[in-house]
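Participant: Could you slot chain B onto chain A? The hints should help.
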Amino acid sequence: MNTITITNLSKKYGGFTAVDNLNLTIEQGELFALLGVNGAGKTTTIKMLSCLIKPTSGNAVLLGDSVREHPQAVKEKINISPQETAVAANLSVIENLELTAGIYGQDIKTAMKMTEEMVSQFGLDGVRNKKAKQLSGGMQRRLSIAMALISNPQVLFLDEPTLGLDVLARRELWASIQALKGKVTIVLTTHYLEEVEALSDRIGIMANGKLAAVGTVAELTEQTGTNKLEDAFVVLSGGAV
Amino acid sequence: MRIILFAKRNIKEILRDPINLFFGLGFPLILLVLLSVINASIPPEANNPMFSIENLAPGLAMFGTAFMALFTGMLVSKDRTSSFLMRLFASPMTSFDFILGYTLPMLVMSLAQAAITLLASCIAGLELSGNLLLAILVTMLTSLLFVGFGLLFGSLLNDKAVGGICGALLTNVAGWLSGVFIPIDLIGGAFKKAAEILPFYHSVQAIKATLDGNFVEILPHLIIVLGYTIVIFILAIIVFHRRMSGDKA
Chain A
17 MNTITITNLS KKYGGFTAVD NLNLTIEQGE LFALLGVNGA GKTTTIKMLS
67 CLIKPTSGNA VLLGDSVREH PQAVKEKINI SPQETAVAAN LSVIENLELT
117 AGIYGQDIKT AMKMTEEMVS QFGLDGVRNK KAKQLSGGMQ RRLSIAMALI
167 SNPQVLFLDE PTLGLDVLAR RELWASIQAL KGKVTIVLTT HYLEEVEALS
217 DRIGIMANGK LAAVGTVAEL TEQTGTNKLE DAFVVLSGGA V
Chain B
741 MRIILFAKRN IKEILRDPIN LFFGLGFPLI LLVLLSVINA SIPPEANNPM
791 FSIENLAPGL AMFGTAFMAL FTGMLVSKDR TSSFLMRLFA SPMTSFDFIL
841 GYTLPMLVMS LAQAAITLLA SCIAGLELSG NLLLAILVTM LTSLLFVGFG
891 LLFGSLLNDK AVGGICGALL TNVAGWLSGV FIPIDLIGGA FKKAAEILPF
941 YHSVQAIKAT LDGNFVEILP HLIIVLGYTI VIFILAIIVF HRRMSGDKA
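Listed in order, the protein sequences are those of chains A and B. If you use our numbering, the first sequence corresponds to residues 17 to 257, in order. If you use our numbering, the second sequence corresponds to residues 741 to 989, in order.
Fair warning: there could be bad hints in the mix.
Beyond 10 Å from chain B on every Cβ pair, some chain A residues (computed) [stated by the list, open to error]:
(1) Phe32
(2) Asn37
(3) Gly142
(4) Asn145
(5) Gly180
(6) Leu209
(7) Ala214
(8) Asn224
(9) Lys226
One-sided and incomplete, this derived list gives chain B residues near chain A with beta-carbon spacing under 7 Å [stated by the list, open to error]:
(10) Arg742
(11) Arg749
(12) Ile751
(13) Glu753
(14) Ser823
(15) Phe824
(16) Met826
(17) Phe829
(18) Ser831
(19) Pro832
Bear in mind the hints are in silico, worked out from the structure with no lab data behind them. None of the values given here were measured: they were computed from a predicted structure. Where a beta carbon is used, it is the ideal one built from N, C-alpha and C, also for glycine.
Chain B on its own, in the form it takes in the complex:
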C-alpha cells in the first residue's frame, strides 16, 4: 500500500514536469526522425546499414531509457534537499518501500517510452511482429540499470550535480558506447573493447536480438546488463540506507 502510494506520487511528480515529458517520450522520436532522414540520404551503393531501422530502433529504445537515470536522480536529490525525504524518513516507510516506490514509476515510464519508440519505428519501416512486445519488456528490464544509476547519484549528489552526471555524462557515454550513433565494429580497437566491457552495447544487442527473433542471443547480452544492474542497485541501496539512518554516505 505504501509502495503504491509513494510510486503514484513519484509518477505524478515526473509527468507534471513538461521537460521530463519531452525528454522521456518526445526526444527519442525526434532522434528517430532525424536519423531516418540521414539514413534515407545515404546512397544504397555505400552499403552502410548503420542507421537502418533494424539497427536504429533497438538503439533508440535503449538510449531513451538512459533518461530514467536523470529522472530518478533528480527526484531523489530534490526530495532530499527539500526535506520532503526527511519527513518520509521519520514515517513508518521502510527502505524497501522507498526503493520500490522510486523504481516502479520508472519501469512504467520505460514501458511507455519503449512502446512509443518501437511502434513509431514500425511506421518508419520496422516489421510489426509479436517480437515487438517481447522487445518492449526486454527494454524495460535493461532500463533498470539507469534507474539504479539515478538512485545512486540522487542519494549522493545535489540536483545540479545529478543533472551534470546523469543528464550529460551518462547519456553521452551510453549513447556513444552503445553503437547507436557510431559504428563500433568499424572503429574497433580499444573503443570496441570498452563498449563490450560496459553494459550499454549489450542492452542494445539484447533488444535487437529480441526484435530479430534471435532468442539464443538475448540471454548472454542480458546477463551482462543485469550483472551491472545488480551491482549498481546494491550500491544504491547501501548509500540510500545510510542516508536514511542519518549516516554520511
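The following block holds chain A by itself, in its conformation from the complex:
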C-alpha cells in the first residue's frame, strides 16, 4: 500500500526550478533515502511533502490527503526533524518532549507517558532535566528526533539527521532509526552513503531538481554498471567515476 504518492511535483523560485516534475511512490513502512549533491532539491522536496512550502505545480498525497488541498490533515499524521537542530533552547529535555506531545493533541497523562518512552528509547534519562542548550550536539540531535517521534507519526521526515555527529553518536542514531523500520514510513535525506546502505530500503537520487533514478543499492549499481553505491551516485548525479 502506498503511503506517499507524488505526481508531477514542481517548485519554482522565480526563474529557478528547485524541484522539477517529480513522480514517486513510497510504500507503508518503507525507509526511503533521498540522495543528491547540495542544491539537488532534496530539502525542497521534503518541505513540500511536510506542507512547509506550497508546490508550484503537481501534487503529493500522503495517507489519502493532498498537501495542496488538506495540509492540516497531513500535518496531523506526519512529523519532521529538520536539518538544523530544532529544539527550544531554554526548555529542559522533558519540557521539550511534553510540549511537542501537547501540540499534537496528546492529553497530559499520555504526553508524560510518551515522554518517558522517548527518554528511555533515545538514552536521554541522564540529561532529562538539563536545558536543551546545555546538551552536546549529539544529544540535541537525539532530542530533536525524539520530538519528531513523540507524536506517533505515520510518516517521518529526517532531513540530514546525523549531520555533524561523531561516529559513535551516528551509530547510536542509526540503531534508533533501524528500530523504527517497518513501523513508520521514513523519508531520509543524507550525504553519508554508508548511512544509506545501512538503513534504506530504496534510494532516490536527485540531480538538478529531477529524480535521476530510483531503486535498491543493487538495482542502482546494476543500472550504472558500477560496483559501489558511491560510484553509482556519482554517475547518476552527472559526475565522472
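Facilitator: Same frame as chain A, now just chain B:
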C-alpha cells in the same frame, strides 16, 4: 490548548534569560529612582514638574513596555533561525495559535511590569487609589503596540537586526517622542507635531489620564494607540503567515 502550551513555553524562554528579567522588570525601577533623585534636586522655584511622580509614573510604565518589542522580536527571530519554528510550522498549529501564543505571555509580562512600576511609584509619592488598577490595564492594552512591532520585525529580520531596531531604535524613539524624558510642550514645533502624530505620546497620556481619574480623556488617546496597534498587527500577521506558507515576506 495549543495556544496555552505555546504561550507557557514562550514565557519560560523569556523569564529564563536574566537579561530579559533585568530589562523587563528592573530597568524601569532604576530609571524611576534616578529620575526621582533628579526631580528632588530641582528647586521648587524652578516650577518644573517634568519629573514629578505624577508625570514620571505613566511615562515609565509606557517606556517599560517598549521592551516587549525586543522580547517578542528576539523570540520569534531566534525560533525562526534555529529551525524550531520550522518544526512547529509542520505541526497542526495554526497561524492563530502562533500569534496568540506569542502575544499572551507579553501581556502577562506587561501586566506584571506595569504593576511593579506603578506600585513602586506609590512608594515614591504617587497616590495609591483604585485608578491604579485601571492604569495597569490601560498600560497592558497600550503594550500591544510593541508586541505587534516585535512580531513584525521578528518575522522579517535576524536576531541581531531585531536587537538593533527593537532594542535600540524603537526604545529611543518611544522614549524621546513620548515626553518621558524631555518636555514636548516646551520644545513645541515640528518635534511636538511628530510626537502627536506617533502613538507613544498618546500611550503616556492615556495612562496619565487614567491615574488622574480624568476618564473622558482616556479614549481619544487610546483610539490613536489602538489604531496604530491594529495596523502593525495586520502587517505582522500578513508577514508571519507568508513565512508560515514558505513564501518570502
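Participant: Does each hint hold? Answer for all of them.
Facilitator: Hint check results:
| no. | hint | in the structure |
| --- | --- | --- |
| 1 | Phe32 | holds (13 Å) |
| 2 | Asn37 | holds (19 Å) |
| 3 | Gly142 | holds (21 Å) |
| 4 | Asn145 | holds (13 Å) |
| 5 | Gly180 | holds (14 Å) |
| 6 | Leu209 | holds (25 Å) |
| 7 | Ala214 | holds (25 Å) |
| 8 | Asn224 | holds (21 Å) |
| 9 | Lys226 | holds (21 Å) |
| 10 | Arg742 | holds (6 Å) |
| 11 | Arg749 | holds (5 Å) |
| 12 | Ile751 | violated (11 Å) |
| 13 | Glu753 | holds (5 Å) |
| 14 | Ser823 | holds (4 Å) |
| 15 | Phe824 | holds (5 Å) |
| 16 | Met826 | holds (5 Å) |
| 17 | Phe829 | holds (6 Å) |
| 18 | Ser831 | holds (5 Å) |
| 19 | Pro832 | holds (5 Å) |
Of the numbered hints listed earlier, the single one contradicted by the structure is hint 12.
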